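Protein chains: 2
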Amino acid sequence: MTKRQIHLGLFILGTGSHVAGWRYPGAFDSFQDLASIQEIGRIAERGKFDLIFMGDNLYADPAAHPSYTLRLEPLTMLSALAVTTSRIGLGATASTTYGDPFSTARAFASLDHISNGRAAWNAVTTSNATSGANFGREHPDHSLRYEIAEEFVDVVKGLWDCWADDAIVADRASGLYIDPAKVRALDHDGKWFKVKGPLNIGRAPQGRPIVLQAGGSAPGQRLAARTADVVFSVVQDFAEAKAQYDGFKALLPAFGRSPSEVTMLPGVMPVVGRTDREAFDKLKLLQSFVSGTNALQILSDRFGTDMSAYDLDGPVPDLGENDAYHAFAKVMLAKARRENMTLRDLYNLTAAARGHWVLCGSAETVADTLQHWFENGAADGFNVMPPYFPAGLDDFVDLVVPILQERGLFRADYEGTTLRDHLGLERPERM
Amino acid sequence: MTKRQIHLGLFILGTGSHVAGWRYPGAFDSFQDLASIQEIGRIAERGKFDLIFMGDNLYADPAAHPSYTLRLEPLTMLSALAVTTSRIGLGATASTTYGDPFSTARAFASLDHISNGRAAWNAVTTSNATSGANFGREHPDHSLRYEIAEEFVDVVKGLWDCWADDAIVADRASGLYIDPAKVRALDHDGKWFKVKGPLNIGRAPQGRPIVLQAGGSAPGQRLAARTADVVFSVVQDFAEAKAQYDGFKALLPAFGRSPSEVTMLPGVMPVVGRTDREAFDKLKLLQSFVSGTNALQILSDRFGTDMSAYDLDGPVPDLGENDAYHAFAKVMLAKARRENMTLRDLYNLTAAARGHWVLCGSAETVADTLQHWFENGAADGFNVMPPYFPAGLDDFVDLVVPILQERGLFRADYEGTTLRDHLGLERPERM
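Quick note, the sequences are listed as chains A and B, same order.
Counting in the numbering used here, the first sequence runs from 1 upward without gaps.
Counting in the numbering used here, the second sequence runs from 1 upward without gaps.
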């Protein structure tokens, strides 16, 4: 049996995960430019990452951080990237609240065909209420969004299975192209969706594209435990990560799934230097680029409350939970209480990685920490969120990845061709 | 002033426009295979076509012709094709009945960025009523679909203009990424759509991507005259094409547009040989592959009536018009009456090109006919619908295009880089 291996996802949101990463000397400062994305794809594939994964929002606030506002649409962008990469998985975010299951199932099946089995759907319920106004709809509340999402994901998976693998015959001699006996309608008639099917594209190379999820709430975890192949999590330290990991894996048996069936990847923003000192200098420089307005706005967005009303040098206020309150808020607040932070401390933490774990140090320090988490039940791998591109990713790929490879913790090369292969998942039989 | 030039679109629907084109020796028989599409893209670009244009349907009927049932999703497919082509325009069909304006505007703006200004949206209202069942909705009737489409197209164009060309500042020194004064919301609040905006992607390289339309009905023509840059039409002979051309161009002044602002491209299925004889032999071979079931089904779909009830060797029945009745039905019925066709004759005509004009002959014959139409007020160019791929397209590119080029009727090479350049259209100012 092969030694258990670390899995690596690369998270891309706009100009990098640090709020002011685009201001770093030499950093890419446009994410409407395909050439930048292609370069990122090449670096990630050189680093043998399992997948690239595009964040998304469905609204623009020109006063906010550019990463929240401007981007290429994920599915078109990943389709273009499918052509300039050959092995890495390609994950796009698509909403269960503002999309429809037929179009979603179809687009991801198409990406899977285009990429020869590398597509992944990051199913999100869309937390930001502003999005509704772009679709002429009231933004559903949290529990309703998850109720809808449960049905949405089932419909998409059902549509992916309408065609048998051998339904397309294409027999020139007889003229039979499709064997109708091997294609079935879905005839879904549920509370939220009525979808007849079949889908108008044949079964995907992966059988079903990979499903990613990141929900941190109880309904989000339940949805992920029932339907996801890969889960991203938001954590700030080892104890929290381990508790989340154990808690999530414990949910799986109730859905007839084994803990190894779902890959759990905590998000981490690595700031890597050749020495700890060099890494800390990079982070310091990054932090010097932060604008107070942007940082407060992200904080307000994460907490669902206007934070500009509070004293920056006073204690972090007691806000209570609300519907727009993210998983981020919970872990950041816990950390703030543990460390007696002022609001200014919290704002600096948020600015760095928008609430994700910042891991700053030499390549050895970073590799040691990742190994510790991986080997002690806190992670199956990591969702790597470089502060800026391309150097922030180059540092990780050129300095950290080789150490993990030398230690036998991470693949030296891809062994399979599909994302399922990279994740060690079987191609599913048609349901 | 340059001599007026022919414009060429390449229409792709599944395995070719002939109902049984996939059975032709050597023809591609899969359109879920990106390599086939890439090869088609390379040939079309070698032929200096203005654009490739993907047809679409939103349902699958496994008993029907494969071109109607199976395909890669157009936007993901064209995004992949954007990377392996450099000049040719990329048009995808998207529905105004089953899509939403925000997602549509965003996806086409993204394709325009990805392709450096080569995106085109073929706005369709989706005629086939079966589609509704995949979206949990009643299929709206024809006039309602066009009422919705009028507003949908306006919203999309408005979203494309939310960002000024110079709204993205990305000034590292000051930290200003976006100039909020150069971005505006749309605040559309209409009968069918409420869309706040702004779009979450900057203004497209073409300013606004090109809009294509193919509506043959009076409401379809009106929508096209008001909003389209390129119009596809369905005709069976010169007189009909000229009447349609004159009729359509006459609509433009009422919308403040000049006749040269909209490029009109009748659809044509060319079957080209080195001699007329060779071409007719190809068509005969193609027709020998037709299955009666498929041909009758397409005929029934085009006429919105089950045609299997009628005597094949009797006269074409008098059906009256109905809501599912296509522009195709009108031109085919007119031809059937003119030529005293039996239902079998009509079915053979339908099988050949699904109701489009079939132009069969030597390269000289084909070039002469296209030139005649172009120079005598029946066309600004042609929407070329090869019966099968790749040889059906190779024949046109290698045999017909050089004749048109020698005669100074068609570009020897691309002169600009965007689809607007190819069409001779200015980049529009922000409204």
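Among these hints, one or two may not hold up.
Remember, identical chains collapse to one label, so a pair may be satisfied in a single copy or spanning two.
Using 25 Å as the maximum straight-line C-alpha spacing, the simulated DMTMM-like pairs for lysine to aspartate or glutamate come out as follows [claimed, not checked]:
| no. | residue 1 | residue 2 |
| --- | --- | --- |
| 1 | 242 | 56 |
| 2 | 249 | 165 |
| 3 | 242 | 398 |
| 4 | 284 | 413 |
| 5 | 196 | 56 |
| 6 | 157 | 33 |
Since the hints were made in silico from the structure, they are not lab data.
None of these values were measured; they are calculated from a predicted model.
To see whether the hints hold, each was checked on the structure:
| no. | hint | verdict |
| --- | --- | --- |
| 1 | 242 x 56 | neither (27 Å within a copy, 48 Å between copies) |
| 2 | 249 x 165 | neither (32 Å within a copy, 49 Å between copies) |
| 3 | 242 x 398 | neither (28 Å within a copy, 65 Å between copies) |
| 4 | 284 x 413 | neither (34 Å within a copy, 53 Å between copies) |
| 5 | 196 x 56 | between (29 Å within a copy, 18 Å between copies) |
| 6 | 157 x 33 | between (33 Å within a copy, 22 Å between copies) |
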